[in-house]
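Given the coordinates of chain A, work out where chain B should sit on it, guided by the hints.
There are 2 protein chains.
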Amino acid sequence: MKVAIIGSGNVAFHLNRALSFKAAVSLINPHTLEGLSEKKFDIIVISVSDDAIEEVFKKIPKTNTLIVHTSGSVNMDILNGNSIDYGVFYPLQTFSRKQDLNYKEIPLFLEASNKEALGILKEFASLFSPKIRIANSQVRKSLHIASVFACNFSNALAGIATEILSKSGIDFKDLLPLMHQMVDKLDNLTPQEAQTGPAVREDMSIIKSHLEYLKQNHPEFYEIYKLISYQIQRNLCNK
Amino acid sequence: MKVAIIGSGNVAFHLNRALSFKAAVSLINPHTLEGLSEKKFDIIVISVSDDAIEEVFKKIPKTNTLIVHTSGSVNMDILNGNSIDYGVFYPLQTFSRKQDLNYKEIPLFLEASNKEALGILKEFASLFSPKIRIANSQVRKSLHIASVFACNFSNALAGIATEILSKSGIDFKDLLPLMHQMVDKLDNLTPQEAQTGPAVREDMSIIKSHLEYLKQNHPEFYEIYKLISYQIQRNLCNK
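Same order as they appear, the protein sequences are chains A and B. Under our numbering, the first residue of the first sequence carries the number 112, and numbering increases by one thereafter. Under our numbering, the first residue of the second sequence carries the number 112, and numbering increases by one thereafter.
Same shape as in the complex, but just chain A (with noise of 0.2 Å):
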């Protein structure tokens, strides 16, 4: 396939270092947009920022090549106008520059205009990963909430934890081991059945005394550890 990727930023560079040996990749500034027209290309991947997205759609000359972006919030439709064929290819993976990644594992969520386009977006997804999904815009926006809770706020928690222990003079790095431990029995076990802690075995006496040390100590703290206290209880009644 012939593969035109418009960015400059992690996303982009991912995705060019994917496709080394399995595609011929040109990688367009997203600014000049050069060597965009001189090529015929199979699909135009545009990997920018949400916000830059439309403005950079809107520097690509009338084609009829497959045009997509890989963003988890940004509607299809924002793409509709240049092309016939367009959509959208995400993968759900946060890209760091610095951090390897086994491509194969991360699951591919893919939305066409039609049913042509969805073919050669199909093509080009299985030279990542074989996890292959279809996800409309609406179903793709609750995928993105879902991962800002599982993945964004949980390092949100970790934080938490490292200015609670800073108090204290402990290292951050002590709770990584039962971090790890904590996604690894999720590969096995759903989160209710691997849930543990105080709220989960209504352990109130527990419950309290933490309520009272972020009191005393993290008043900012206070409510979320009451709110997810009470979410894991709400949930128990569920079982």
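Honestly, I wouldn't trust all of these hints.
No copy labels: a pair is met if it fits in one copy or bridges any two.
In the DSBU-like style, the derived pairs of lysine-lysine whose C-alpha atoms are separated by at most 35 Å in a straight line are [to be verified]:
#, residue 1, residue 2
1, K319, K226
2, K233, K209
3, K113, K319
4, K252, K173
5, K226, K326
6, K252, K284
7, K284, K319
8, K326, K337
9, K215, K319
10, K337, K173
11, K284, K151
12, K233, K319
13, K284, K170
14, K284, K337
Simulated from the structure, these hints should not be mistaken for laboratory data.
Below, chain B without anything else, positioned relative to chain A:
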């Protein structure tokens, strides 16, 4: 060393397994304490649920042997009165019988009633892991609260993500590569450095659209989303 482990739960199971070929272990039934008085031990480890520690302790006859419990949240002084040597052996890990563990990776938090007791406790701890820390009951409490945030609450967020996805027919397992990557990043970065997502990008239009989605579809998660996003942005100001 001659070790008595009083308990029949997951922690007792793993302690016993970790010590095989390294110490002479007697596993003691917490209800009968059968076999405890017949032998001379170097250390007695009470490894039962938080609520049951005091009750078990009171049944142990007066002794010169070091007595410790393994709880994160129970004060050391609960063991005062039976032996002058007492303490706490708190392994910072979540134990399931089914899951294998690399014991050498587990940080161990020790507290002892006097220097001699601490010496024996350190010797015992070094049979498990080189990651030996000293922590009084107050520090251990902050450690427990931090691990509730980093581990129990992160698992609860994975549960929330599962609920959100179930409405869209997406398997929760598709979020696991993302969660593994989230924890792997913390091996090299602080949570503050590793933070990604709409809140840290201050992408208010995405946050607003997520909150609207939650209000309509999962109002029970609305406040948690708002509070943690606020927390992430408060942290930005501290950078």
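So, going through the hints one by one against the coordinates:
1. K319 to K226: So K319 and K226 pass the 35 Å test across copies only (33 Å; inside, 57 Å).
2. K233 to K209: Within one copy only: 28 Å inside a chain, 39 Å across chains, cut-off 35 Å.
3. K113 to K319: Neither way: K113 and K319 sit 61 Å apart in one copy and 38 Å across, limit 35 Å.
4. K252 to K173: Intra 28 Å, inter 63 Å, cutoff 35 Å: intra-copy only.
5. K226 to K326: For K226 and K326, the Cα distance is within 35 Å only across copies (34 Å; inside one copy 57 Å).
6. K252 to K284: both (33 Å within a copy, 17 Å between copies)
7. K284 to K319: both (27 Å within a copy, 34 Å between copies)
8. K326 to K337: both (11 Å within a copy, 20 Å between copies)
9. K215 to K319: The answer is between: 33 Å across copies meets 35 Å, while 45 Å in one copy does not.
10. K337 to K173: neither (54 Å within a copy, 42 Å between copies)
11. K284 to K151: Close neither inside one copy (50 Å) nor across copies (38 Å); limit 35 Å.
12. K233 to K319: between (53 Å within a copy, 32 Å between copies)
13. K284 to K170: neither (47 Å within a copy, 38 Å between copies)
14. K284 to K337: both (25 Å within a copy, 28 Å between copies)
Of the numbered hints listed earlier, those contradicted by the structure are 3, 10, 11 and 13.
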